[in-house]
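Student: One letter stands for each residue in the lines below.
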Amino acid sequence: MTVHQHAHHHDDHGSELDEMQLRVRALESILTEKGYVDSKALDFIIDAYETRIGPHIGARIIAKAWADPDFKRRLIADATDAVGSLGLVAGRATHLIAVENTPQRHNMVVCTLCSCYPWEVLGLPPVWYKSAAYRSRAVIDPRGVLADFGVTLPAETEIRVWDSTAETRFIVVPMRPHGTDGWSEEKLERLVTRNAMIGTGLALAPAEIANEAAT
Amino acid sequence: MNGVHDMGGMHGFGAVEPEANEPVFHAPWEGRVLAMNRAMGYLGLWNIDIGRFSREQLAPEVYLGSSYYRKWTLGLEDLTVQYGLVGEDELAAGRVLHPAVPVKRMLTQADASKVLARGSYERPAPAPALFKAGDRVRARNIHPPGHTRLPRYVRGHAGVIECVRGCHVFPDAVVAGRGEEPHWLYTVVFDGRELWGEGSDPTVKVSVEAWEPYLDRA
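Chains as they are written, first to last, in my numbering: chain A, 8 to 222; chain B, 104 to 321.
Don't take every hint at face value.
Claimed, not checked - To spell it out: a stretch of chain A is covered by chain B in this simulated footprint if at least three of its residues, at any positions, have a beta carbon under 8 Å from a beta carbon of chain B; those stretches are:
#1 48-62
#2 199-205
Stated by the list, open to error - The calculated DSSO-like cross-link candidates involving lysine-lysine, where the alpha carbons are at most 27 Å apart (straight line), are:
#3 LYS235/B - LYS47/A
#4 LYS71/A - LYS194/A
#5 LYS235/B - LYS41/A
#6 LYS207/B - LYS79/A
#7 LYS217/B - LYS47/A
#8 LYS207/B - LYS217/B
The set of hints was computed from the structure by calculation and includes no laboratory data. If you're wondering where the values come from, they're calculated on a predicted model, not measured in any experiment. Just so you know, even glycine gets a beta-carbon here, dropped at the ideal spot from N, CA and C.
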């Protein structure tokens, strides 16, 4: 019998924030005092996800795939190996699979059972990715989900949804926007959004970052 | 288990609401609990599947009513009690009341980068793969009360093996206490109409990653 198998009497008074700050602080103090965790190790992990591991890693991978056809072939054939060759990832992006969007097919990634996500290349998932709304709807109404993100695809485009039910992890290779011939990888990177690599968005158009640069 | 965590295809949760300029963490405790989960996993007492099952076992109204990191907190509390590391009385009191249990290792700052690297779940194959790409299969109509990674929405439905992913640790076995029991893992793709009926979007295809014991030849 564990603590939470019963129906719970979690109080509705006070915000989750206040309750959780106290609860997690108490848990950390118990675990550290008992010698199970070291708070400095926790600081290191938090700092890594706040400052070093995020979607900028995925964006560099995608930009390289756009700029270098040989790298793209390797990425599609074995993403773990191809990404490993770039030296961007702590350890290895194990069991990583890159799936490519084409005019005929759009890919979208979900985890209906929990929130599996390619942390090594995209960092921690956004709240919406972990939400019941996304997890429930992505597999039955992917076009409706895309509409929530303001994305409309041609009616004949195949929508392929990848449910991450194992330890395999997926990153979408979005289509390279028109008007980017000859762009450097550094410039291409700015067009690659996190949502484009999950499949709930498309890569930005050059005009979208032109505005950003002008401001 | 046929729990509320198995959400694929459910209605009623509303629109997906992306947050502009979302921070990595919405409050400091979220980062602490994420990091504690990684550090406690490093003790080697449970694996990722057992961690997932701890969250699936939360009462339905708790699961649905809690944020992601709140579920991680409750699941971690349960695991520490289940493995005898912390007493329920200690969680209730919010302080240590009993001596610690000896552990084999603890994650130090010097080793913390190790938990950022993802381990491999692939294992040597005990037997050749039963299926190959292109084979037609049917997801078994099974309803195990324990942990499983076969979502309800594909059970009983026919699909096609798209890719053989190697022989992987079998979550159902780990959580049932049978050890890793590696099985072949496949990407199985289903037509949307097979899953959602005649009136559904004909352009949709959905794949799951399915271990061999989840599948029959169709």
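Student: Tell me, in ascending order, the numbers of any earlier hints that this structure violates.
Tutor: 2, 3, 5 and 6
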